[in-house]
Amino acid sequence: MNLQSELNKSSLFSNLELLANQVVEGFISGIHRSPFHGFSAEFAEHKIYNNGESTKHIDWKLFAKTDKLYTKRYEEETNLRCHMILDSSASMYYPQVENINIDSLNKIGFSVLAIAALMNVLKRQRDAVGLSIYADTYNYYAPEKGSERHFQMLLAQLREVGMAKNPPKETNTYTYLHQIAENIKRRSLIFLFTDMFQTEKNDDELFEALRHLKYNKHDVVLFHPMDKNRELFFNFENTAKRFVDVETGEHLDAYADNIKEAYNERITAYLSDIKMKCAQYKIKYVDIDIHRDFSTVLNTFLVERNKFL
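For the sequence shown, numbering that gives the first Met the number 0 begins at 0 and goes up steadily by one.
In case anyone wonders, no lab produced these hints; they're calculated from the structure. Please note that the accuracy of each hint is not assured.
Stated by the list, open to error - Listed below are the simulated DSSO-like cross-link pairs for lysine-lysine, each with C-alpha atoms no more than 30 Å apart in a straight line:
id, residue 1, residue 2
1, Lys168, Lys55
2, Lys274, Lys213
3, Lys122, Lys259
4, Lys64, Lys168
5, Lys276, Lys240
6, Lys240, Lys122
7, Lys259, Lys55
8, Lys240, Lys144
9, Lys64, Lys46
10, Lys216, Lys240
11, Lys144, Lys283
12, Lys184, Lys60
13, Lys168, Lys67
14, Lys144, Lys122
15, Lys184, Lys227
16, Lys67, Lys55
17, Lys46, Lys67
18, Lys168, Lys122
19, Lys306, Lys184
20, Lys164, Lys46
21, Lys281, Lys213
22, Lys259, Lys240
23, Lys227, Lys213
24, Lys216, Lys276
25, Lys60, Lys46
26, Lys306, Lys46
27, Lys213, Lys283
28, Lys213, Lys164
29, Lys144, Lys227
30, Lys164, Lys67
31, Lys306, Lys281
32, Lys213, Lys240
Quantities reported herein were computed from a predicted structural model and do not represent experimental measurements.
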């Protein structure tokens with residue numbers, strides 16, 4: 000049985016945990032060795048001692064039996080606290096996908112599966128994860144915990160968001176990022192998934208809300224999912240079309256080629272501003288093409304996790 004094929008026949012979100020695990024396993028296989036080992040309280044395996052290594056973890060009882068030096072390798076155990084933030088407004092459900100699966104994702108689908116994959120890694124390492132979801136309201140908050148029950152609760156919430164048929168029209172990013180920042184009391188690694196489209200405030204105020212996430216010495220990573228083919232390069236058929244803002248309802252009737260150059264200038268300038276502000280506030284900015292694989296997200300996680308610890 001081809002697991003990929005079977006999973007794609009049904010809803011992405013009903014198989015969220017399986018798919019998240021598949022994404023992580025594929026990533027680990029791709030880098031040839033597991034990055035998820037270290038020293039802690041739970042034994043994993045023995046390895047041959049090499050001259051020059053610390054003698055702290057030599058298994059002396061095994062040496063007495065075999066007359067060979069081995070060190071104990073343990074599963075990594077840390078105090079990492081990670082908080083996921085998800086923008087669930089209408090623009091995140093672009094583009095419309097009739098049969099959403101791992102090979103055909105919109106921005107919310109990519110973000111939900113990416114968060115589930117990150118949670119899978121955190122669970123393996125017994126790290127604590129929390130979740131905030133917002134749009135026109137701050138409609139979900141769960142503090143950082145590491146239990147299996149907590150993990151399943153967060154998965155259920157992600158499934159619900161992914162399957163939403165009528166997502167909120169507005170995005171009050173400014174208001175709710177401030178509230179989320181106040182909720183996260185202890186130093187954490189924060190991952191924010193948003194397309195940075197919002198209707199409430201101007202750009203400067205939005206950037207100030209991002210800055211607030213650095214409160215309490217948090218490390219912040221902004222994952223910016225886009226359908227780059229359309230949202231960045233504006234590759235549409237050059238026929239008369241009505242372009243509708245899914246959040247405000249405003250529309251423009253035009254031929255794509257007539258506005259493509261002006262659009263590209265504006266969106267490029269906006270992305271440049273986002274990157275500059277993130278650099279200024281020491282926020283890691285990661286642009287994501289939802290039609291690419293998840294290695295960018297998982298690689299970023301490993302790098303930022305090592306920095307955090």
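Inset, instruction - Could you check the structure against the hints above and give me the numbers of any it violates, in ascending order? - result: Numbers 1, 3, 4, 5, 6, 7, 8, 10, 12, 13, 15, 18, 20, 28, 29, 30 and 32, in rising order.
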